[in-house]
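> Could you use the hints to bring the two separately framed chains together as a complex?
Protein sequence lines, in the order shown, are assigned to chains A and B.
Just so we're aligned, residue 0 is where the first sequence starts under numbering that gives the first Met the number 0, counting upward by one.
Just so we're aligned, residue 0 is where the second sequence starts under numbering that gives the first Met the number 0, counting upward by one.
Please keep in mind that the hints were generated in silico from the structure rather than gathered at the bench.
Mixed in with the good hints there might be a few duds.
Here are the simulated PhoX-like pairs of lysine-lysine, each with C-alpha atoms no more than 25 Å apart in a straight line [said to hold, decoys possible]:
id: 1; chain 1: B; residue 1: K25; chain 2: B; residue 2: K222
id: 2; chain 1: A; residue 1: K122; chain 2: B; residue 2: K121
id: 3; chain 1: B; residue 1: K54; chain 2: A; residue 2: K104
Nothing here was measured: the structure is a model prediction, and the numbers come from that model.
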Amino acid sequence: MGEELKLLGVWGSPFSRRVEIALKIKGVEYEYSEEDLFHNKSALLLEYNPVHKKIPVLVHNGKPIAESLVILEYIDETWKDSPLLPQDPYERAIARFWAKFLDEKCVPAVWKSCMSVGPEREKAQEEALEFLSTLEGELKGKKFFGGETVGFVDIVANFVGHWTGVLQEMAGVDILTEDKFPVLCKWAEEFQNCPVIKENLPPRDKLLAFFKAQRETITNFYKNKV
Amino acid sequence: MANPKEVELLGLWVSPFVRRVEWALKLKGIAYDYIEEDILNKSPLLLRLNPVHQKVPVLVHGGRVVSESLLILEYIDETWKQSPLLPRDPYDRAMARFWASVAEGKVLENAWIALNSEGEEKERAVQLATEALGHIEGVIKGKAFFGGEGIGYLDLAIGWVSHWLPVWDEVGSMKIFDPAKFPTTVAWAGRFVEHPVIKEKLPPRDKMVVYFRDKRSRIMASKSHV
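In isolation and in its complexed conformation, chain B is listed as follows (with noise of 0.2 Å):
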């Protein structure tokens, strides 16, 4: 088990990047210290840590840095071997890691654009969220979660949609999320948010709701100022 002082993760409450990250920490029974981070006012710790992206999630073992929270999974599951996140098949590795960039590429990386636009811009957004939601539908069959029978790295890179893409639909005025087109996936959802070690380290979804609120205002006023 590692000294509490070895692992250390600088993070924001709101972001399910670093949310990633600790439950993956907290799946393997990893001890770590979390240090918040104001993003709208860089530490210099942040910046020495992840000078190319100044971003979180970060982790830091034994004085080694990584960023990027997909690979930062892959660190971890390849640090610590109890509880495997990623399955033992080579092939099977190559689908999570896969349908995984088609959920970060394409699902998330649209509905942000979705959320934070208007008119034609919102619609292309939301219209390839939806489309790319519908490729991933497919992927559980049949199984509890994307991992199996318990959680693994698939449901861990797409957890965010179980609790942060509904607000995002609320505060943007979308409906990405939807039962009726993605009740497989809504299941899911279901079922993840439930789990125990998710559930203790889910944002509330009021302050998410401001938060949201908040930016959003403020990327569409940047925008207007183009």
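So here's chain A without its partners, still in its complex pose (with noise of 0.2 Å):
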């Protein structure tokens, strides 16, 4: 069948990963393209996502899809294999209730946390540790947030899983630790080692060279985000 799959991305960013750690472990191929999203986002990025002008977008056979969540389920629904989600509706429910705490409490708080300065720093420093703490209290025991295997909520705390390191290293703060969290850390190591995660993480190195060099660049960029 001729199917074309496009996933617009940037490889530092953990939405776009999320995407990609999804089609590797449905093993469906498609084509990359990586945006210049400070400087220069492309016509094909502001033309499939006239709304946020963001990535990822994922177009499938010329129908884009924007917001990782969203494309997420589009994957999941799309390509039967090797689930994402539970299949039953309340444990579905369950799942998307904590990818969006993810992504509406814990991403913020943590970026704010390493981002930004004074009061507003201190504040999303005590979220943080706040939303991370109710996280860390969802795992009860398990290997992953999706049971024995990595699942859905797994996929969307990439960011807490990998990039949270590399934000407070560079910002020198320390907000995710294991004399604080020590189920939450433990979850991060499996989750790193997880071979189809290892695969489609940036390399730990290069994210932080990023983010100390362009810690200004981002901060505007976000600042002045719509």
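So this is what it looks like as structure tokens:
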């Protein structure tokens, strides 16, 4: 079948990598196109995501889909092998709840803890600790959020599993530490060692160098973001 | 058909998020027990059922607890198959979810900020909400509802625009819901509120004005004490 699948992404973005992990788990082939977000967004990106002008954008047979969580659900519904979400409606609702919690609470709090200054940073750090504690509670003795294997929530938690460590090192703050979050740190280790995940994470040193060098550009970029 | 005792909904009379869930239950003909929460005096039940966010709506189905209104809609759709809310096709489903997230994240969030602020903050919020509504204006494309011939998930997600936004515009002395700018959306809103299931579950406008006026005063007062 002449299927055309293209992903517009950015090598250092957790949102972009989520989609790649999902496609790799499903064994689906795709063409990847790297976007230059800060300086020169492609005409294709602006055409495919006029509302947000952000990556990732998945284009399937010419039809674009934006927003990583929407894309993940689309992938799961289109390619039925190796399901990402559980089958049961209640368990799906729980998985979606934690995915939302990660994106709406954990990610912004951790990001601001590392990238902003003054009272905003302090408040964000308090929140980050609270939210990560809640997240840790959800692991409840499981190896992964998805149970024995990586699932939807684990993929969405990639920011916690890989980017948080890099950001806090760059910023010189202590958020996700073993003494505070032993369970979450153990999960992060398992997560990063998982073969399909490992192959689809940006190298730590490259990411660290990128954030260090680009800190100001990034802060300004996200400040002016609509 | 579900046993009334089997489905319970914790809600607040004036909340558009709660109403979404009630509309969905009614469209599917699902009987449920409604429990009104006093948001200023949260019950032990609410705190136990939704410890993470302590918010309504919360759906309890045979002892299983689901929170977050859009997630509840998906749970309802997956559990009771009659009168489907989401389309069948994965791409159409992705579009419904995408536009729901735009309506929530860009229209609703900014309209709420605009309602409860003044000056530059208000102007910026009005601008962002208006811009986002502009994108949504193109989505119906000649159909009666976002869901097509009948009401669907996206209608329920955006439904608050039809009845709450005009009230917020009045209380906030602004005009986001503008028939001159958004004729298609305003026409849809007129059809939406006339639908028998929807009409039955709209909170009285005059009481809403009082409620949001009072809430606005309290929010503005607490801001000036920062």
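> Now tell me, hint by hint, if it's right for this structure.
Verification of the hints:
Between B:K25 and B:K222, the direct Cα distance comes to roughly 39 Å. Violation of the 25 Å bound is thereby established for this hinted pair. Of the supplied pair hints, the one linking A:K122 and B:K121 holds, its CA atoms being roughly 23 Å apart against a limit of 25 Å. Taking the CA atoms of B:K54 and A:K104, the gap is about 15 Å. The hint holds against a cut of 25 Å.
Consistency with the previously given hints fails for number 1 only.
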